[in-house]
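K.L.:
Here is what each chain is made of, one letter per residue.
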Amino acid sequence: MNAIETHDLTKFYGKSRGIIDLDLSVREGEIFGFIGPNGAGKSTTIRTLLNFIYPTKGGASIFGRDCVADTREVKKLIGYIPAEVAYYDDMRVRDLLAYSAQFYPGDHTARARELAGIFEVELDRRIEALSTGNRRKVAIIQALQHRPKLLILDEPTSGLDPLMQARFFQVLEEENKNGTTVFFSSHILSEVQRLCHRVGIIKEGRLIRVEEVEKLRASRYKAVKVELATPERAAAFVSAVGGAGGAGPAGDGGASRPGAGALPGADNLRVHGRTVEFIYRGKVGPLLGHLAGLEPENVWLEEPSLEEIFMRYYGKEGN
Amino acid sequence: MAVFVRELRRNFKPWLIWSLSLGGFVALMMAIFPSIAAQGQDLMELLKAYPPAMLKAFNLDRLDMGDVLGYYATEGFILASLVSAIYSIQLASGLLAKEESDKTIEFLLARPVTRTTIVTGKAAVAGLYIVSLNVVQTVVAYISFEAVKTGPYSVKAFLALAAGGLLIDLTFAALGLAVAVFVTKAKALYPLGIGLVLGTYILSVMAKLTSKLAPLRWLSPFSYADTADILEKGAIGGTYLALFLGLIVALTAAAYAVYRRKDITV
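So the protein sequences, as listed, match chains G and A. Mapping of the first sequence onto our numbering: position 214 corresponds to residue 214, and the numbering continues sequentially without gaps. Mapping of the second sequence onto our numbering: position 227 corresponds to residue 227, and the numbering continues sequentially without gaps.
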């Protein structure tokens, strides 16, 4: 059984687009990154899962239960951190956590205290006096304290300092080891890259790709940086390669002659004076052969960030 | 239950302040009664100088200011009804809309609680405090009556009047719930609530001015519980009672139906 499953999930606000025909499945026990720029439909998806809004078409289920018909049962299993944290100003942190806990069976004060210790939250502070970062921490505690089976996080790290962010990720990993599924929406790829097993990319309301993070990174993508002797050489290299750029992975057959023209698999070329940066997809052999023919001054080969990989999707399909 | 308890606690202080003010006001109005009653005849002469339409508009043609109940019905009761109606519509609409206005509704909706339970919890708090406020008003009025009365009065008519006040309040509370489903900004709800109460009150006064305007009375809960009608009959008219109950049920049901189905975004 999947933790989250959506079929043709579509939401329009009047005529304006929310999400379109979203088919998403998040497996039980995984950390799933939901990536896209602002306005792509990440929050709309989450709000539909939580039944804040009703789908225009299609449906969604969480652990096999319908998100609309069984919304109450579904929410027993969920911990949710909203993108914007708004709490009752007349409460203290302790009151808010107690109020939240009242809705779930069992006693959660011990866990709340433990989490407050980890995130250095003072339980006696008034909510209205809390900074954005501290509110965010309270949001984390209220989402985790009742030990949900599924965590739905909508841009959960905004406002957290790096230390707290690290602790938060550590807690998420522990929860995940204990079987909690995590659905993590973000527009910051690097934070997802660290944590997630799989990522789904959403753009203009449509899910355009779902990929294993390991596969993405370990796939034959390389971030390449070459420093050539002169800017002219760099420009010549780019114009030669640029024509064939992004044609797909390089073939095995050594179709490219060293130093001469096309380099299949090279993409997203950027020139800065004498240096050229690009993403390369394919076997390393032909790449090295090609680079050797350029008589470069210096070469860097690195694992590309997801950001660079995804630039392809966004860059291309945007044009 | 959690929603009910939380709202009960949050709205207690305002209720206490409204109750003390309203109780104090009724007691004060009744404390003046002996001096009004003493001038009884002079006052009647004075009133004759006013245009008849105006006397009609405020029921002064049918109510006796020299009688403790008649005096209460013309003076204290009307103002108290306006005040408690404003309290009622503000309370009910605020209870429902504040979560959206303050954006706390996302927190609440993420808990395992249905929207029906949320509305029920909040409506129950509104009902409880509105009934309590009316009980305070009625008890204070009764005690004052006993202290200042110059002759016997009909307790049955007094209770019918009190029931009329309560029904007006509950109608405005139901209206408040129905309005708050559509208008979720607290800033817009305050003037809207006061406007609805004062507007319908003015309609009830206009309805008594000429027979041409009489149909306006169907639009105003204040007309359903007309003080002169109630004191003459000793009860609320059957049609009006049915209208009260029908409106309360219909408006509340509409609030539930829309709230359950609407998209809630903050």
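Bear in mind the hints are in silico, worked out from the structure with no lab data behind them. Fair warning: this is a prediction, and the values are worked out from it, not measured in the lab. Just to be clear, a hint being listed does not mean it is correct.
Calculated cross-link-like contacts (lysine-lysine; reagent style DSS-like; alpha-carbon spacing at most 30 angstroms) [what the hints assert, rightly or not]:
1. G:Lys76 <-> A:Lys56
2. A:Lys262 <-> G:Lys15
3. A:Lys187 <-> A:Lys48
4. G:Lys15 <-> G:Lys203
5. A:Lys262 <-> G:Lys57
6. G:Lys76 <-> G:Lys177
7. G:Lys203 <-> A:Lys56
8. A:Lys262 <-> G:Lys76
9. G:Lys225 <-> G:Lys283
10. A:Lys262 <-> A:Lys185
11. G:Lys76 <-> G:Lys149
12. G:Lys15 <-> A:Lys149
13. G:Lys225 <-> G:Lys215
14. G:Lys203 <-> A:Lys187
15. G:Lys15 <-> A:Lys56
16. A:Lys156 <-> A:Lys262
17. A:Lys56 <-> A:Lys187
18. G:Lys225 <-> G:Lys177
19. A:Lys185 <-> G:Lys149
20. A:Lys149 <-> G:Lys57
21. G:Lys76 <-> A:Lys48
22. A:Lys56 <-> A:Lys262
23. A:Lys103 <-> G:Lys15
24. A:Lys48 <-> G:Lys15
25. G:Lys203 <-> G:Lys225
26. A:Lys56 <-> G:Lys57
27. G:Lys149 <-> A:Lys262
Label pairs and their calculated CB-CB ranges [what the hints assert, rightly or not]:
28. A:Lys103 <-> G:Leu288: 51 to 61 angstroms
29. G:Ala129 <-> A:Leu55: 33 to 43 angstroms
30. A:Lys185 <-> G:Arg194: 36 to 46 angstroms
31. A:Leu55 <-> G:Arg126: 53 to 63 angstroms
32. A:Thr114 <-> G:Gly39: 55 to 65 angstroms
Heads up, incomplete: computed chain G residues facing chain A, CB under 8 angstroms, no partners named [stated by the list, open to error]:
33. Asp8
34. Phe12
35. Leu50
36. Lys57
37. Tyr88
38. Ser100
39. Arg167
40. Phe169
All C-beta atoms in this analysis are idealised placements derived from N, C-alpha and C, irrespective of residue type, glycine included.
K.L.:
State for each hint whether it applies.
P.N.:
Going down the list of hints, with the structure as the test:
1. G:Lys76 <-> A:Lys56: 61 angstroms, violated
2. A:Lys262 <-> G:Lys15: 16 angstroms, holds
3. A:Lys187 <-> A:Lys48: 44 angstroms, violated
4. G:Lys15 <-> G:Lys203: 18 angstroms, holds
5. A:Lys262 <-> G:Lys57: 15 angstroms, holds
6. G:Lys76 <-> G:Lys177: Within the cut-off at roughly 20 angstroms; holds.
7. G:Lys203 <-> A:Lys56: The given pair, whose Cα atoms are some 69 angstroms apart, is violated under the 30 angstroms limit.
8. A:Lys262 <-> G:Lys76: 22 angstroms, holds
9. G:Lys225 <-> G:Lys283: 16 angstroms, holds
10. A:Lys262 <-> A:Lys185: 16 angstroms, holds
11. G:Lys76 <-> G:Lys149: Holds - the C-alpha atoms of Lys149 (chain G) and Lys76 (chain G) are around 9 angstroms apart, at most 30 angstroms.
12. G:Lys15 <-> A:Lys149: 67 angstroms, violated
13. G:Lys225 <-> G:Lys215: Holds, at roughly 22 angstroms.
14. G:Lys203 <-> A:Lys187: Violated, at about 36 angstroms.
15. G:Lys15 <-> A:Lys56: 54 angstroms, violated
16. A:Lys156 <-> A:Lys262: 45 angstroms, violated
17. A:Lys56 <-> A:Lys187: Given pair Lys56 (chain A), Lys187 (chain A) is violated - Cα atoms ~37 angstroms apart, limit 30 angstroms.
18. G:Lys225 <-> G:Lys177: 38 angstroms, violated
19. A:Lys185 <-> G:Lys149: 35 angstroms, violated
20. A:Lys149 <-> G:Lys57: 68 angstroms, violated
21. G:Lys76 <-> A:Lys48: 70 angstroms, violated
22. A:Lys56 <-> A:Lys262: Answer violated: Lys56 (chain A) to Lys262 (chain A) is near 45 angstroms, above 30 angstroms.
23. A:Lys103 <-> G:Lys15: Holds, at roughly 24 angstroms.
24. A:Lys48 <-> G:Lys15: This hinted pair is violated, its Cα atoms lying about 64 angstroms apart.
25. G:Lys203 <-> G:Lys225: 29 angstroms, holds
26. A:Lys56 <-> G:Lys57: 59 angstroms, violated
27. G:Lys149 <-> A:Lys262: Answer holds: Lys149 (chain G) to Lys262 (chain A) is near 28 angstroms, not above 30 angstroms.
28. A:Lys103 <-> G:Leu288: 51 to 61 angstroms: 56 angstroms Cβ-Cβ, so the 51 to 61 angstroms window holds.
29. G:Ala129 <-> A:Leu55: 33 to 43 angstroms: 57 angstroms, violated
30. A:Lys185 <-> G:Arg194: 36 to 46 angstroms: Distance hint for Lys185 (chain A), Arg194 (chain G) holds at roughly 41 angstroms.
31. A:Leu55 <-> G:Arg126: 53 to 63 angstroms: 55 angstroms, holds
32. A:Thr114 <-> G:Gly39: 55 to 65 angstroms: 31 angstroms, violated
33. Asp8: 18 angstroms, violated
34. Phe12: 11 angstroms, violated
35. Leu50: Nearest chain A Cβ about 6 angstroms off; hint holds.
36. Lys57: 14 angstroms, violated
37. Tyr88: 6 angstroms, holds
38. Ser100: 7 angstroms, holds
39. Arg167: 23 angstroms, violated
40. Phe169: At about 22 angstroms, which exceeds the 8 angstroms cut-off, the nearest Cβ of chain A leaves the hint on Phe169 (chain G) violated.
The earlier numbered hints that this structure contradicts are 1, 3, 7, 12, 14, 15, 16, 17, 18, 19, 20, 21, 22, 24, 26, 29, 32, 33, 34, 36, 39 and 40.
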